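Chains as they are written, first to last, in the numbering used here: chain A, 56 to 352; chain B, 12 to 228; chain C, 489 to 590.
Keep in mind that a hint or two might mislead.
Unchecked claim - Over the 12 Å line for every Cβ pair with chain C, so calculated as not near, a few chain A residues:
#1 Val-86
#2 Lys-87
#3 Lys-192
#4 Arg-240
#5 Glu-272
#6 Gln-275
#7 Val-282
#8 Pro-295
#9 Trp-305
#10 Trp-342
To be verified - Think about it this way: if two alpha-carbon atoms lie no more than 20 Å apart in a straight line, the pair counts; the simulated DMTMM-like pairs of lysine to aspartate or glutamate are:
#11 Lys-142/A with Glu-510/C
#12 Lys-204/A with Glu-530/C
#13 Lys-122/B with Glu-140/B
#14 Lys-204/A with Glu-492/C
#15 Lys-84/A with Glu-63/A
If you are wondering where the hints come from, they were derived from the structure by calculation, not from laboratory data.
All figures in this text were calculated on a predicted structure; none of them were measured in a lab.
Glycine residues also receive a C-beta, built at the ideal position from the N, C-alpha and C atoms.
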Amino acid sequence: MDEQRFLEYVQSGGQVETTDRMPDDYRSKLVKFIEMHGNSELMGVLPEREWILRAPTLQRKLALTAKVQDEVGHSQLIYRVVEDLGKPREQCLADLISGKSKFHNVFHYPTKTWGDVGVIAWLVDAAAIISQKALLKCSYAPYARIMKKICWEESFHILHGRDVVLTMMNGTDEQRELVQEALNRWWGPLMQFHGNPISKEDDPMYIWRIKSQGNEEARQQFLDGYVPQIWELGLTVPDPKLRKSDDGVWEYSEPDWDELKHVVTGHGPKTQERLEFRRKFLEQEAWVRSVVLAEAA
Amino acid sequence: MSEKVQKIVEIADDELILGWRDSEWTGIAPSLEEDVAFSSIAQNEIGHARALYELAARELGTDADTLAFDRDPGEYLSAPLVEERRMDWAHTIARHFLYETADEIRLAALKDSDDAEVAGLAAKMDREEQYHRLHARMWRDRLQDEPRFVDALEELWPAAVAVLPEELRPQMSERLQLDLPSNSLLRGFERGSHSEELRPLLDEMTMVRRSVPGATW
Amino acid sequence: MIFEVFRQEKKGAAFAHAGSVEAPDATFAHAYAHEQYGRRQESEALWVVPRDAIHEVHDFHDELHQTYHRVDGYPLKEKLRLARERAGGTAKSVDALSAGGG
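Next comes chain A alone, as it looks inside the complex (with noise of 0.2 Å):
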């Protein structure tokens, strides 16, 4: 099948298996697209790994356990499919701690404070299953299958994080102020997440069907979505020109794309430290992997 014939199935809503012909181009954009999804499900696991140590209730303790298991799931689920495309997970590895490949923007800043577990849990999955459930409809079949495995365990999260935030929004003084802190913290990286509003029609992931839906499409849907359930708890969301207009289109301040671009280029507050700290364990356990796979390989 020519590139151009294969456009056109795909744009007609035609689908892919790993088996398939597919042109060269396509292929390596599903690779580094779908890449980049498993680096930060494995990414995402580190800024709330060390709350689970802090968590402060046994239910809290095994749900957020859950939650980060949950997420390396994924990445296990997601680099297998990268695997089959033709890169090995050893490959992606190697590509992210070395800062070759990418991760989302929310995944390189600090979590402070137990208001954050709440905040990411919540709005942070939020936007993400905004992403992966438009990845429902992916041109290629295999990524496609998976995401329904992790939209419904995702849903989990958004339940958990919003458990969280009611609980806290509920309590004291003090922990109402920690919810509203790290919702300040959080909202310009929330509001970067979608990415910049190019027309879908210029996103070659798009052009491909792996993305069915642009970034501002993902944005607005956010917004609609979230923004209400955090108006009535009391919070406030930090950007004063933050309103649904009468054509129910929702305006904001314009989001900071420097600092988007800056961050997932390995720039972000947190980026180095979590790639060392990656790097170190992947190095010292290194000697499980050559023990273990060595001589099933």
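Knowing the structure of chain A, use the given hints to seat chains B and C on it.
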């Protein structure tokens, strides 16, 4: 604290502290598949701790979280084996294997308890522990010729024996075909003494809970 | 080694492909599949199969339109109408049959 409650809290503390230690691997285990598997084991251990604390809490007129989080470090009844920070896979698996062996012996005794509630809970826990034992054995089989693992087993053996009350120790020795350590080797590992690493663990564990006293989380 | 995992959601349901795990042998693969595809009690049972054991078969062509394999190969509607006409009033209606047999 009655003898019965004391015994329950001992096991609960072991499960809580080991579950806490094992959950340190969630997100950074040697492979992604192992990460998921080992995290389930950590969660089960915390889950067992919670069920045991609930049982003890009814007798003591308190609740599980209060028992788990709000005691002074000196009041914890955990064995030193589970308290140490062992962030390398050879020691983690050696401890896991030894602890599961000891725990199987302890649970078997508990299942014969005259107290129906205790016996019933022990039977429930034992069913989940079967997965843990399968996991521990498959790793032992894989690593048994690996010097790091052999050394770790030898190093942790006295502390592992000390998890059990004296009358159950011969079973442990028989099961693993290892001689019981002398009393001088056991010193420092007996229940009642604590590793230096317990206090920093408890400090971190209670950090959020202590930050706003009396709050609900 | 890669093992493919098939999952049965509830008793009686067909096993459907769930995903795959990387493991050194079947014992590890079972343990890993158990947690990756069943930890939320979402599975009744799993099949864990070495990928090498799976043979994919494709290329199903029907160039000569062998319609007897398909529903559209059986245009019963028109034939039934003709047959009913021919039977005319001599055949009992379905309603009468079921009433009589009750």
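Hints, one by one, checked against the model:
1. Val-86: 17 Å, holds
2. Lys-87: Fine: 22 Å to the nearest Cβ keeps Lys-87/A off the interface.
3. Lys-192: Per Cβ check, Lys-192/A is outside 12 Å of chain C; nearest 19 Å; holds.
4. Arg-240: 31 Å, holds
5. Glu-272: Correct as stated: the minimum Cβ-Cβ distance to chain C is 29 Å, above 12 Å.
6. Gln-275: Consistent with the label, Gln-275/A stays out of reach of chain C, its closest Cβ about 32 Å off (over 12 Å).
7. Val-282: 31 Å, holds
8. Pro-295: 42 Å, holds
9. Trp-305: Consistent with the label, Trp-305/A stays out of reach of chain C, its closest Cβ about 35 Å off (over 12 Å).
10. Trp-342: 14 Å, holds
11. Lys-142/A with Glu-510/C: Distance of about 15 Å is within 20 Å: holds.
12. Lys-204/A with Glu-530/C: 10 Å, holds
13. Lys-122/B with Glu-140/B: 13 Å, holds
14. Lys-204/A with Glu-492/C: 16 Å, holds
15. Lys-84/A with Glu-63/A: 17 Å, holds
Comparing the model with each earlier hint shows no violations; every hint is respected.
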